[in-house]
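**Student:** For reference, the chains in residue letters:
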Amino acid sequence: MSYGRWFEEFEAGAVYKHWPGRTITEHDNTSFALLSMNLNPLFIDEHYARSQPEGRRPVIDSLIFSLLVGMSVADTSGRTIANLGYDFVRFETPMYAGESLYGESEVLDVRESATKKDRGVVHIETRGFNERGERVIVLRRKFLAPKRVV
Amino acid sequence: MRYGRYLEELQTGQSFEHWPGRTITEFDDTYFSLMSMNQHPLHVDDYWSRGTQHGQRLVEGPLVISLVIGMSQADIGGRALRTIEYSDIKHTEPVFHGDTIYARSKVTAVDANGIVTVYSEGLNQKGAVVVSFERRILVPRKEAQ
Numbered sequence: 028m029s030y031g032r033w034f035e036e037f038e039a040g041a042v043y044k045h046w047p048g049r050t051i052t053e054h055d056n057t058s059f060a061l062l063s064m065n066l067n068p069l070f071i072d073e074h075y076a077r078s079q080p081e082g083r084r085p086v087i088d089s090l091i092f093s094l095l096v097g098m099s100v101a102d103t104s105g106r107t108i109a110n111l112g113y114d115f116v117r118f119e120t121p122m123y124a125g126e127s128l129y130g131e132s133e134v135l136d137v138r139e140s141a142t143k144k145d146r147g148v149v150h151i152e153t154r155g156f157n158e159r160g161e162r163v164i165v166l167r168r169k170f171l172a173p174k175r176v177v
Numbered sequence: 165m166r167y168g169r170y171l172e173e174l175q176t177g178q179s180f181e182h183w184p185g186r187t188i189t190e191f192d193d194t195y196f197s198l199m200s201m202n203q204h205p206l207h208v209d210d211y212w213s214r215g216t217q218h219g220q221r222l223v224e225g226p227l228v229i230s231l232v233i234g235m236s237q238a239d240i241g242g243r244a245l246r247t248i249e250y251s252d253i254k255h256t257e258p259v260f261h262g263d264t265i266y267a268r269s270k271v272t273a274v275d276a277n278g279i280v281t282v283y284s285e286g287l288n289q290k291g292a293v294v295v296s297f298e299r300r301i302l303v304p305r306k307e308a309q
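Quick note, the sequences are listed as chains A and B, same order.
Taken in order, the first sequence gives residues 28 to 177; the numbers are from the working numbering.
Taken in order, the second sequence gives residues 165 to 309; the numbers are from the working numbering.
I should point out that these hints are in silico values taken from the structure, not numbers from a laboratory.
It is possible that some hints are incorrect.
[Unchecked claim] DSS-like, lysine-lysine: derived pairs with alpha carbons at most 27 Å apart:
hint : chain 1 : residue 1 : chain 2 : residue 2
1    : A       : K169      : B       : K254
2    : B       : K306      : B       : K270
3    : B       : K270      : B       : K254
4    : A       : K44       : A       : K169
5    : B       : K270      : B       : K290
6    : B       : K270      : A       : K169
7    : A       : K143      : A       : K169
8    : B       : K254      : A       : K143
9    : A       : K174      : A       : K144
10   : B       : K254      : A       : K144
11   : A       : K143      : A       : K174
12   : B       : K254      : A       : K174
13   : A       : K44       : A       : K143
14   : A       : K169      : A       : K144
15   : B       : K254      : B       : K306
Predicted model only: the values in this text are computed from it and were never measured.
Chain B on its own, in the form it takes in the complex (with noise of 0.2 Å):
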């Protein structure tokens, strides 16, 4: 039984390929987008973004990025404290409604005084990363708890 990793149990240079993924329906975007107070029809206006340069909808950013960080949670963030920061995000591909997304990480760095600066990228289920970035979090040692 367990979900997330404290201090002692990371290190730099550990990777991890998380499990499971997770399909975004329709229903999440416009919902996420919604509770979130996004507007742009872009992910809400089916008819509208047919006009446009995917000719459909495109899940929000911030829903994707949310996911892979959820995602990566039992593998590293599970214990963590506090987020500190997220730098350095790149969406490098569109994700549509329908699409699934995995996750794999990273940890780049851990200081003694329990920040652990971690990379995550998603993918979609054809392999290609559709978003990266790094984030740092303040994780406890199992010592302390």
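Next comes chain A alone, as it looks inside the complex (with noise of 0.2 Å):
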């Protein structure tokens, strides 16, 4: 029974696959973009986006963001006490719904926190892809990690 892990158990270069992806479907992106109050209509009205270069509504960048995050978290940052940013979010193919999101992360850093010993910090990179294997997204971030024994 274990969701996340310790400061301990990072080591830089590991890679986790995460599992299960994600189908995001028409539904997940009208009710992201409203519930976050982004009423830009090329993610809610398809007649208007039929209309523009893509010909067609793309998923909404921050809902992809946040599921990557969200599906990283079970072997990442699972225990963390606090995150504590992102460098970049980088958008790299367009989303459609009915596509699957499936995610990857390796540890680039781990550090010992210089004020408190119960912790340390952990910079990673997630990694996101569709059902072809094509890069969505990377994104990179740190978060502090508890430590199992202090």
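Two chains, two frames, some hints: make the complex.
**Tutor:** Listed below in structure tokens is the structure:
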């Protein structure tokens, strides 16, 4: 029974393949856009989206981002004390309703806290892929992981 | 009747106080965390969270970030064709259930290809900045539409 990792369980260079992935539905897209107050018609108006260069509604970026982070937590920050922030979040390929997102994370760096003995900073890169294996998103973030043994 | 801006309407240095804000409820956080597959107990287990640093659950980070982006769209990115990148996202204060988030943004760069760089901050009801980040979006020209 575990969710996330203790500080001691992270090692620079380790790669975790996250499982399961998730299919993003049309409802997800509309619901997420509206709940986050994002009314760009590109995400919620099919008729308008057909008049735009892509000709269809892409999945809203903040949903792809949120979902990738969420599916990475069981293998990474599931015991975290605090998320410190993100260096970047890059969107490389658009996604559409009906496509599925899968993720993996690589540990970039593991560092003891300079001030507190019971924790450390973990730096990871998380990548998201669609069902064809095309990379759709990549991000880097840092979080505080507690130590199992203090 | 307007939502967002065309490239011709955006200039470096413009700043916006977005309106309205939004109160983040317990339902929002539980729903958002679970639908995005985040089962961290700090978002979904109230009993366990009482024994943690703040003695209560914290609102999930991507929810606060997504909301601040959403709030900025009416003034800035409501016509954007795509998002290229978010960068330098900092969570500076915890957000609790019942807190209300407001947002403000500044346009920090506009290039001829339509890439607009926006710096945004989310604030709580006490005026403390809880999150800040930059993002780059692709905005069309009015004449192209």
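**Student:** Please verify whether K254 (chain B) and K144 (chain A) have alpha carbons no more than 27 Å apart.
**Tutor:** Distance ~23 Å between K254 (chain B) and K144 (chain A) Cα, so the pair holds.
**Student:** Given the hint that K270 (chain B) pairs with K254 (chain B), does the C-alpha gap stay at or below 27 Å?
**Tutor:** With a Cα-Cα distance of about 16 Å, the restraint between K270 (chain B) and K254 (chain B) holds, given a limit of 27 Å.
**Student:** Please verify whether K44 (chain A) and K169 (chain A) have alpha carbons no more than 27 Å apart.
**Tutor:** Holds, at about 18 Å.
**Student:** Between K143 (chain A) and K174 (chain A), is the straight-line Cα distance small enough, at 27 Å or below?
**Tutor:** 10 Å, holds
**Student:** Holds or violated: K306 (chain B) and K270 (chain B), Cα atoms, limit 27 Å.
**Tutor:** Holds: K306 (chain B) and K270 (chain B) sit about 21 Å apart, inside 27 Å.
**Student:** Within 27 Å, alpha carbon to alpha carbon, are K169 (chain A) and K254 (chain B)?
**Tutor:** Roughly 10 Å separates the two Cα atoms, so the pair holds.
**Student:** Taking only the CA atoms, is the gap from K143 (chain A) to K169 (chain A) under or equal to 27 Å?
**Tutor:** 16 Å, holds
**Student:** Do the alpha carbons of K174 (chain A) and K144 (chain A) lie within 27 Å of each other, as the hint requires?
**Tutor:** 8 Å, holds
**Student:** With a cut-off of 27 Å on the C-alpha distance, tell me whether K254 (chain B) and K143 (chain A) pass.
**Tutor:** 21 Å, holds
**Student:** Is the Cα-Cα distance between K254 (chain B) and K174 (chain A) 27 Å or less?
**Tutor:** Within the cut-off at roughly 23 Å; holds.
**Student:** Take a quick look at whether K44 (chain A) and K143 (chain A) sit within 27 Å of each other, Cα to Cα.
**Tutor:** Between K44 (chain A) and K143 (chain A) the Cα gap is close to 30 Å, so the pair fails against 27 Å, i.e. violated.
**Student:** Compare the distance between the alpha carbons of K169 (chain A) and K144 (chain A) with 27 Å, and conclude whether the hinted pair is satisfied.
**Tutor:** At roughly 18 Å apart (the allowed maximum being 27 Å), K144 (chain A) and K169 (chain A) satisfy the hint.
Of the numbered hints given earlier, the model fails hints 13 and 15; all others are met.
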